[in-house]
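J.: Residue numbers (my numbering), protein chains in the order written: chain A, 1 to 61; chain B, 1001 to 1545; chain C, 2001 to 2303.
Incorrect hints may appear among the rest.
Said to hold, decoys possible - A few chain C residues that face chain B, going by a derived Cβ cut-off under 7 Å, partial list only:
1) Asn2033
2) His2049
3) Val2080
4) Ala2082
5) Tyr2174
6) Val2199
Hints were generated in silico from the structure; no laboratory data involved. C-beta: ideal position from N, C-alpha, C; glycine also.
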Amino acid sequence: MIAGQMRVLDSDPERRRRVRRTTLVLACVALAFYIGFIVMSVMRSSRQGGGAADTTAAASR
Amino acid sequence: MAEHTHAPAATSPAHAVHAVHDEHDHRPHGWRRWVYATNHKDIGTMYLVFAGLMFLIGGSFAMVIRAELFEPGMQLVDPQFFNSMTTMHALFMIFGAVMPAWTGLANWLIPMQIGAPDMALPRLNNLSFWILPFAFTLLFSTLFVPGGAPAGGWTLYAPLMVQTGDAFPMTIFAIHMMGASSILGAINVIVTIMNMRAKGMGLLRMPLFVWTWFITAFLLIAAMPVLAGAVTMLLTDHYFGTTFFTATGGGDPIMFQHIFWFFGHPEVYILILPAFGVVSEIIPTFSRKPLFGYETMVYATASIGFLSFIVWAHHMFVTGIPLAGQLFFMLSTMLIAVPTGVKVFNWTATMYKGSLSFEPPMLFALGFLFMFTIGGFSGLMLALVPADYEYHGTYFVVAHFHYVLVPGAIFAIIGAVYYWLPKWSGKMYDMRLATWHFWLSTVFVNVLFFPQHFLGLAGMPRRIPDYAVQFTDWNMVSSIGGFAFGLSQLLFPYIVLKCLRSGEPATGRVWESAHGLEWELPSPAPYHSWGEPPSEALIARGAAH
Amino acid sequence: MVQKIAPKLAALTALLVSLSPAARAQSGWGEINMPRGVTMISQKIYDLHMLCFWVCVAIGIVVFGVMIYSMVVFRHSKGVVADTTLVHNTRIEVIWTIIPVCILIGVAVPAARTLIQISDTRNPELTIKVIGYQWGWQYQYLESGVSFFSKLDARSNAASQLDSGIDPNTVPNYLRDVDHPLVVPVGTKILLLITADDVIHSWWVPDLGVKMDAIPGYINEAWFAVDADKAGVYRGQCTELCGRGHAFMPIVVDARSKADFNAWLDSEEAAQKPGAPAQATTAAPAGAAPPTPAQLAEASAVR
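If we strip away everything but chain A, and leave its shape as in the complex, we get:
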């Protein structure tokens, strides 16, 4: 079914390793952006403190 590219990958274990490594690095980058933006938002809101007080803080910027 995937004979074509398997032949290429099997013939070259080094390429196989590189493919796996690149994939994992990219997946980690994506995950970092996902979690990073949520963490950033959490930190931003905890820095401001909750409640109505910070709405004026936001407004006065």
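On the provided structure of chain A, position chains B and C as indicated by the hints.
T.: Below, chains B and C alone, put in the same frame as chain A:
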């Protein structure tokens, strides 16, 4: 043709070898071929068919919009349903039509163009496609749940979005699925380009379609997770008591817009960069002349990709961001005009002193060139903050982004299909009909969108189902253009189906001066594109410059 | 290629023709450009808009000109042979990078100047708080305490119901009229403090050159000063999608002479005094007994 210096593809030694290998392949048949698909061409085909289907559904949403806007007063739909239509139209067109169409083209072309047998991660490829039908079934089904489909606009702005009914979690889950699909597709593209290039296919020998997709894939990997993060926070705001974007709980509605547009602006370049690649392939072929300034094109694309991450707040000039921020984002936005201008000039210089012919792919590429430039002009006007105070949120913006997306991205996709379809299918399509398709599309896309500039400048806001009577005339013109444009698009599936059923056999080269590895393969291209890597001589011959 | 450019030429011609004041009739066909407006800022914005428009037209003539020239002259069907050596030219590439940069700077400088003026909200003579609701506006004159709600007038509301059977063309100022307009004096720097109570709205009156989002939890500032000789009624509407009634929350600004404005304000103040007789309050049409947000919501829910 006489001046054509390349040997006919059929004598290429590489694919004589290749054909032998092909016979060993045992491919699954029937439904298994598609459900268990790991072949880049099968997956590419599914992506393209899916995109076409979504284009028709998203287009029919647009027809509802244009029908209601044909004249003032509410004649057809409830305002809430109208808002659902604008929202669903955008979501289906962006995530369902344009992005999958580009991924489909990437699947079909990248392995062929870099001398690889297939994508690097074929099973992941299968997964990233098959997520999509489920995501869009889920999104489509929101039309039938209590509260109706999402109606907060594709920008999903909090706090309005939180007022969505039962469709809320469904929409968010669907967006998560689309995002996952895009990220997996992007990972596959990058991994393939980095690891599967044939020996001798240096980075600066890659065709521009590969280059633009390479950069697009990085944008996807950085941008899509940010959207996922934003909608996750919307979800927790709604169900788990967080107040990320709820002012009464100390949250910040503007924060949502910052996060959304940090995704949203790269997203618009995700939609258009592969179009730059396609046009950069088509124009040289039909100008019988190599692309002018290949390396400049690569660097311009890369700098557009980089700049796309530092302009997001130009969507937010009227939210009250500080003066320094407005100045920064105005200047960074204007800066994008420079590499974009370079690209337009390079395409023009490619045609200059060429030998032009006007087959359908070239027509669509030229349509792109003219009308994308018009969209670029209105984009430059929108970048000026004081002027944006009048343009923002009006039909001027609608006209602007439709000029870059319809005669921009969509024309490039159609042009790409007309360019490579003979290679994929081994058959020629009816060029006369395709030329008709071009002229009808071009005339009516302008009838549809040009008057929207007038409407916006005269004061008509976007996303309204009903309007003051002075806007009637141009809305009628726009609606007529819309219906005619929509109808003309039905020619497209007809032309493709007719080609597949009864097209004349195509040659390997298809277009006399087409360059690139894919044209060295026979038509139709073999199931595993380059089972044996192409020789370096072949690569050098195919290189565009 | 004539067919190719014909629609654009036609559109451009139509645009140019209709830009001439004589052609700007009252019909909708003439409504194709931004209004000059009645404030110093709106006029500066208009000038900037036209400057950028003509810059784009000029660039367009050059770029489209070269494209069309190439398409007409270098045709394969005429037997033209391509000059395949023309693939790179550092000098021209540098030139067409630098020229756009210069043009952009030329446009950015006046834009930045105007922007700085727009941002200068100091020393207002009158301060009005604007609060957006789903779907209407509340105006509070902070110095005098006068306050009222402003929502779509009843005739437009009736005509805009689904299949109302009422022709919008018979409704005066269809969707552009409110029950209680915002009354302001001309020749006065007025500061708007803009916020919202539920979702994000946007307060826009094209003729004033003011558009500012109304965001819950934020108080945004914007200012305008209607030219002293430009008393009149100026209309706009909400420009940020805010739900079902987004199209149905217009803004009407009634700019009056200072004397007329003061007289109006005095009568409003008297009518809204806590001690004012109940019947007087109900009798006064404008702004008397402002409805609570709940009442407003109820009234809006009718649509």
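J.: Determine for every hint whether it applies to the structure shown.
T.: Hint check:
Residue-level restraint check for Asn2033(C) holds (minimum Cβ-Cβ distance to chain B is 5 Å; threshold 7 Å). The restraint placing His2049(C) at the interface with chain B holds, with a minimum CB-CB distance near 5 Å, inside the 7 Å limit. For Val2080(C), the interface hint holds, since its Cβ comes within 7 Å of a Cβ in chain B; the closest pair sits about 5 Å apart. A cut of 7 Å between beta carbons decides the hint on Ala2082(C): the least distance to chain B is about 4 Å, and the hint holds.
Because the closest C-beta pair between Tyr2174(C) and chain B is about 5 Å apart, less than 7 Å, the hint holds. At a threshold of 7 Å, the smallest CB-CB gap from Val2199(C) to chain B is about 4 Å, leaving the interface hint in force.
The structure is consistent with each of the numbered hints, conforming to all of them.
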